[in-house]
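In this text, residue positions in the sequence shown follow numbering that gives the first Met the number 0: the first is 0, and each later residue adds one.
Don't take each hint at face value.
Said to hold, decoys possible - Simulated restraints on C-beta separations:
id, residue 1, residue 2, range
1, A329, F173, 29 to 39 angstroms
2, A99, L237, 45 to 55 angstroms
3, G346, P270, 57 to 67 angstroms
4, L214, R335, 25 to 35 angstroms
5, F327, P299, 30 to 40 angstroms
6, P299, A267, 48 to 58 angstroms
7, A352, L185, 30 to 40 angstroms
8, V206, F160, 41 to 51 angstroms
9, R162, P359, 19 to 29 angstroms
10, L316, D207, 36 to 46 angstroms
Simulated from the structure, these hints should not be mistaken for lab results. Here a beta-carbon is modelled for each residue, glycine too, at the ideal position from N, C-alpha and C.
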Amino acid sequence: MRLQLIAAAAAAAWWAAAPARAQTVADARSELSGALRVYADDDRVTVVTPSAAAVVPLAERWLVDVNVAVDVVSAASVDVVTAASPVDVRERRYEVDAGAAFAPRADRELRVRAIGSHENDYDALRASLGGRVEVARRNATIDVAYTYAADRAGMRTDPDFERTRTGHELALSFTQIVDRRTYVDLVAEAHRYDGYHASPYRSVPVVDPASPQILRVDEVTPAVRTSAAALVRVRRALEWPARWYGRADYRLYVDDWDVVSHTAEAGAIVPLADRAELGVRLRGYAQSAAEFYRPVYQTPAPAFRTRDRKLGPMRSLYADWTIRVGWFIASAGVARWWYLDDPAQSGRLAVIASAGVAVPLAEEDR
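Starting from the given sequences, assemble the full structure and let the hints guide the process.
Put into structure tokens, the structure is as follows:
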């Protein structure tokens with residue numbers, strides 16, 4: 000569970016160094032890849048993640064892929080160092096991601112995927128089903144996906160502690176080819192999670208104005224969280240001043256905890272030479288606070304209370320660059336968070352670096 004707290008910041012910042020797995024059976028190439036990612040921030044958190052992946056087309060209509068990764072975490076963050084864990088945290092998290100896709104025809108595809116992760120006090124499972132179909136003379140694509148989630152939280156200092164959470168996610172996307180150089184993507188998402196959303200390692204201070212003593216109580220959040228999101232993306236190939244590819248996104252998120260967030264992202268890919276390219280990206284994020292979030296709670300302790308700064312008002316900015324040369328890919332980025340209403344920590348700065356290789360298995364792809 001502590002690792003989940005740490006990984007939340009790291010996952011929000013870094014992007015995989017290894018080349019993305021093929022999204023369709025038609026585009027797939029046999030490939031083995033490996034990568035090493037490193038995340039480090041000024042809150043004394045370091046995450047080193049080696050990973051390996053394989054993509055294998057079977058016959059002409061099937062595709063399978065497998066990815067394994069290990070998060071090696073060293074941390075003394077205020078998020079995880081508590082009275083229950085007064086020393087630095089050193090843990091590992093293991094994740095396996097496997098999927099398969101079947102294309103009965105060139106213009107449609109079915110797929111399944113399962114992702115499982117394990118650490119000392121937290122287990123997570125994601126299982127998804129999806130499908131894609133091309134319409135309007137293959138000028139438009141409709142994609143739908145459903146994901147079931149199941150999480151189990153424990154506590155290292157209390158072997159009897161166990162909490163669970165289940166979730167359902169639905170995503171619908173539509174891609175339209177506007178002209179030979181322009182694509183527009185529209186995505187709608189709906190999520191519902193039911194169960195334990197808090198952390199057993201976080202206690203919430205409650206102040207009594209009539210007493211100098213501070214009362215500490217367990218973190219408690221609502222059992223159900225329902226959310227929706229919408230995204231619009233424009234992708235375009237450009238020719239001035241040289242050939243390059245641009246992308247711009249905007250995403251709106253709302254939930255029944257009164258959190259509203261806005262994410263804007265822009266990126267570009269510039270071909271440098273044969274089998275070489277440079278990519279740059281900039282992302283900005285802003286969010287409002289959950290209805291029950293307070294920087295300071297006063298007695299009597301409310302029914303819902305949290306010390307999770309990610310439920311407070313916040314802003315973030317992320318920038319990175321990526322270079323690909325043949326089989327090799329490397330990236331480096333910087334992330335900055337501003338916590339606008341947290342008395343313990345006003346911000347966080349992180350650097351993220353990664354390097355990897357992707358080796359085609361078919362001789363004609365090398």
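Comparing the hints with the structure gives:
no., hint, in the structure
1, A329 <-> F173: 29 to 39 angstroms, "holds (34 angstroms)"
2, A99 <-> L237: 45 to 55 angstroms, "violated (36 angstroms)"
3, G346 <-> P270: 57 to 67 angstroms, "violated (37 angstroms)"
4, L214 <-> R335: 25 to 35 angstroms, "holds (34 angstroms)"
5, F327 <-> P299: 30 to 40 angstroms, "violated (59 angstroms)"
6, P299 <-> A267: 48 to 58 angstroms, "holds (54 angstroms)"
7, A352 <-> L185: 30 to 40 angstroms, "holds (33 angstroms)"
8, V206 <-> F160: 41 to 51 angstroms, "violated (27 angstroms)"
9, R162 <-> P359: 19 to 29 angstroms, "violated (45 angstroms)"
10, L316 <-> D207: 36 to 46 angstroms, "holds (38 angstroms)"
Consistency with the previously given hints fails for numbers 2, 3, 5, 8, 9, ordered from lowest to highest.
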